[in-house]
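Heads up: the sequence lines are chains Y and A, in that order. For the first sequence, the numbering used here gives the first residue as 9, with consecutive numbering after it. For the second sequence, the numbering used here gives the first residue as 72, with consecutive numbering after it.
The set of hints was computed from the structure by calculation and includes no laboratory data. Note that the structure is a prediction, hence the values are computed from the model and not measured. Among these hints, one or two may not hold up.
What the hints assert, rightly or not - Stretch-level coverage of chain Y by chain A, calculated; a stretch enters the list once three of its residues show a Cβ under 8 Å from a Cβ in chain A: (1) 35 to 48; (2) 87 to 98; (3) 106 to 116; (4) 212 to 222.
Stated by the list, open to error - Partial selection, computed: residues in chain Y whose CB lies under 7 Å from chain A: (5) P101; (6) V123; (7) A153; (8) Q156; (9) L160.
Cβ atoms here follow ideal geometry from the backbone N, Cα and C, with glycine treated the same way.
Below, each chain spelled out in residue letters.
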Amino acid sequence: MALLRAVERPETMIKLAPALEICGLSVSYGAGLALEGVSCALREGEQVAVVGPNGAGKSSLFKAIVGLLRPSAGSIRHFGAEQADPSSVAYVPQRSQVDWRFPVSVADVVMMGRVGRVGLFRRPGARDRALVAEALELVRMTDLARRQISELSGGQQQRVFLARALAQEARLLLMDEPLTGLDARSQDEIFQIMEDLRPRRVTVLTALHDLQLAARHFDRVMLLNRRLIGFGPAAEVFAPDRLVEAYGGHLHLAVTREGILTVADTCCGDEM
Amino acid sequence: MFDLITAPLAYSFMQRGLLAAVMVGVVCAVVGTYVVLRGMAFFGDALSHTILPGIAAGYLLNGGDRGALFWWALGTAVASSLGIGAISRGSRLREDTAIGVVFAGMFALGIAMISTVRSYSADLTHFLFGDVLGVSDGDLLRIAIFGGLILLTVALLYKELTLISFDSVLATTLRLPVQALEYLLLVLIAVAVVVSIQTVGVSLMLAVLVTPAATASLLTRRLMPMLLLAAGMAAICGVVGLYLSYYLGVASGAAIVLTCTAIFLITWAGKAIVDCRLQIAD
């Protein structure tokens, strides 16, 4: 899909370098390795799900990409460049990591995405406000712009942070467990917004627990358990041998008539 | 009634005291809002106590010279706030443990130093509980200059200080100088504590940092209104407290703090009643 679109749009042909290219990435946490020798490349505008058991290193992968963790080995390139423009990569944290009582409104939080672009000592200008308004519109939160963030539902809270990433004008969006704790309707709203992002060619990497959602809504999936076990279309990656390799004993497989498996992951404790 | 308000103003020490109480209130409330939001109340309390040895050193070496006392206190405050920051960052100790160790040790050192002087208890009382009515013109000037610098810094770095307080992860990914900004905030708190020492003293400092901001946090859920409300309330508390102190013969620092506390309690109770009514109405 994404390749076809690149052919249709000549201006994207110039950017031959992948939106994200990871080579031999290892991240160590204390004594052990959180990630070991992970290599992959993402095309611009591609939406990829990252799945794996708890402690598989999904969060470590994201933190290394966004520069919160220093890799012990390997390299990460954004559009071929070693040093990405800091604002061009957005990390959407897990909802449990946010202080929701903090006295800020929805619009205030989204404006925080502009801080890097506005620069030290300066105030946000008309363009910043316009981008905030546009981002809020895209996630359908315009009427809630003045709400304090604790007064939002879980899905709305997640959308605020999506809007912040958009206001940041990020080219690469990393979402850490955005669906955890959301009901089905709120999850669908997030997926709808991700569809709306496709024309903007924002590359999205999303950590997930639900393999079926990963298979249904994403261009490719990345199966991770410290090492990269599989990366490609869900139909290829979610093969029984690979799933067992990733999940080991925590996986419950049931082969159905469609040939696809019902999978239950041990969900959702605190993960590094 | 009018006389009740104007009569104390005949004394120049009251005029200076009022001016000092208002300026200190505003500066501490603004800095204190960040203290409250970041959960740094214990740090603020500890910091004000750790400057006692600095004050004592200035006092022992330079006698009654207020200017010297101020610089000694400022040096100690900045040093201990950066010290606490470094210890809690670098070591295996929990932050509150590190603060506790530094806090108690420095406070004891201050008491030990002051106890070598014969007029020990009177002087110590002054440092511990403040003496806003003893504020000199020089003190006022120093409060105005350093308080002004604090407010200017917060105004210039408002969005950065807010961001590191709310979401230091985003601040880090945007490559903001997070660590430098955090240390800057510690220094701002230290300077605010030093300019206020004359008004409320070491032991009651925490109240002027925390109470107005806490009251404001009950009334608004936006940061800018919270800063302004806290500052306004602190200024009013300073004035009301000083008048109460004048007419009731109560220690000035205690009167200011008690006014702050009373307003907090009234707000808290009022809000509880309103919330309760709203729930019934629902």
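To see whether the hints hold, each was checked on the structure:
no.: 1; hint: 35 to 48; result: violated (count 0)
no.: 2; hint: 87 to 98; result: holds (count 4)
no.: 3; hint: 106 to 116; result: holds (count 7)
no.: 4; hint: 212 to 222; result: violated (count 0)
no.: 5; hint: P101; result: holds, 6 Å
no.: 6; hint: V123; result: holds, 5 Å
no.: 7; hint: A153; result: violated, 12 Å
no.: 8; hint: Q156; result: holds, 4 Å
no.: 9; hint: L160; result: violated, 12 Å
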